[in-house]
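A.B. asks: Those sequence lines, one after another, are chains W and F. 1 is the number of the first residue of the first sequence in our numbering; add one for each residue after it. 1 is the number of the first residue of the second sequence in our numbering; add one for each residue after it.
I should point out that these hints are in silico values taken from the structure, not numbers from a laboratory. Yeah, the Cβ is synthetic: ideal placement off N, Cα and C, and Gly gets one too. Some hints could be false.
[Stated by the list, open to error] Just so you have them, the derived chain W footprint on chain F, three or more residues with Cβ under 8 Å:
#, region
1, 37-50
2, 298-308
3, 327-338
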Amino acid sequence: MTTLFTSDHEWLKIDGDVATVGITDYAQTQLGDVVFVELPKVGKQLKKADAAAVVESVKAASDVYAPITGEIVAINDALAAEPSLVNSDPGEGAWFFKIKIADKSELDGLMDEAAYKAHTA
Amino acid sequence: MSSSSVEHPLKRTPLYALHLARGGKMVPFAGYDMPVQYAPGVLKEHLHTRAAAGLFDVSHMGQLRLRPKSGKLEDAARALERLVPQDIVGIALHRQRYAQFTNERGGVLDDLMVANFGDHLFLVVNAACKDDDEAHLRAHLSDTCEIESLPDRALIALQGPKAADVLAPLSPATAALRFMNAGPQQVMGIACYVSRSGYTGEDGFEISVPADKAEALATALLDHNDVLPIGLGARDSLRLEAGLCLYGHELDVATTPVEAALEWSIQKARRTGGARAGGFPGADVILKQLAHGAPRRRVGLLADGRAPVREGAQLFVEQDDPAAAGYVSSGGFGPSKIAPVAMGYLPAAFATEGTTVFADVRGQRLPMRVAPMPFITNTYKR
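In isolation and in its complexed conformation, chain W is listed as follows (with noise of 0.2 Å):
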């Protein structure tokens, strides 16, 4: 499997044509304690950069992008009832959704990890 990034700081992991979504490590502190995330709803039709969910902290909301084109297939339940996994978590349990690949072509845009850790550097 193969895990790509945004300059926005989120990580997409591919499998196949589906891609799951979260927010990286770097990202959950900047933000600090998570309080709440409002996830979308299954089959709603994103385009790249659009706001996909919201995360919000103590202070502020911050909205999370859609890093590529496609439809979302499922989203992580789990987040609703504890956000904190977004801080806990960030890599695997505190993923977002999962978003159907509709042009693999725009993945090519996205960073590798060494290219990411540069950027966040």
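Keeping the supplied structure of chain W fixed, place chain F upon it in accordance with the hints.
C.D. replies: Coordinates of chain F only, in the frame set by chain W:
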């Protein structure tokens, strides 16, 4: 680039180096470079203050002295009553009172604390308003009072249930202070002014200290195991849970003290029929509202869901109303309440406890209930 984008350098408080040394995340606030949070983060800083004690740098706020030219304090108190609807003459020695500077429309120019220090009145005002406040005082009170701003004093707030135990070894006399007592106190041998007050809903103190001694005092307080430095983020969530107004949010030049549900702060002596009724800017508006009610009111709001409802969210009386009836003036997540909490303004008819209104959050209308404040039980030592 337009001329308005020229940046003014941010001012620093006497505790600036300490904030950096302690890992404070610095942000611009009211013209100062201030810590918004430290490593533990807003949530833990908030909960620590409610459970133990938090140290806040509030040195950006303005400190002023009003000294009567006649030598009689009552003359300064009567003069200040020309600018605020509060009973200043009636403030007993070493007591402090919450007040508002009003304008001709009854709106609020700033809110402040006024203490009777015997030969002068000691005022604490908001950072963003302090220059205007000083000019306002000079314009109206120079005939009666010497007005002295005190930029070489820092202000430290120590808040929380352990605050009194932390301060007592450094200043034994402070243990005997009751809520809103204020006056000179030795702290670690430093000549300070200490009031038993704060803005978190907790027991605690505000300590005015000479700037060159501020870091030594703050360091001594922080050396205590129960004390953590707390940033502006938690200061805001603490005062929101405590149901306390913040200038620029709940209060502004177009909002009267009665609309802001602050009539408790206007004593009988200044109301219609009182010994010194009226005589402050906007008295006609404010006295009428005290007698007959204001058209809109500040209320507390609790949501059923978990989504925080932020400042600026519009409030609707019905789920599908096209026009907003009110707005949220401050809102967020209450770490002690473990729920979203907010304050806002509603027409008087809907500003009653238990009324359900709808807040617009990203296009969804979320139900909120008008609820009593504070949202937490305050622990003032009355």
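A.B. asks: Under 8 Å between beta-carbons, do enough residues of the region 327-338 of chain F, three at least, approach chain W for the coverage claim to hold?
C.D. replies: holds (count 3)
A.B. asks: Between the region 298-308 of chain F and chain W, see if three or more residues pass the 8 Å beta-carbon test, and mark the coverage as holds or violated.
C.D. replies: Check passed, 3 qualifying residues.
A.B. asks: Confirm or reject the coverage of the region 37-50 of chain F by chain W under the rule of 3 or more residues with a beta carbon closer than 8 Å to the chain's beta carbons.
C.D. replies: holds (count 6)
Comparing the model with each numbered hint stated earlier shows that all of them hold.
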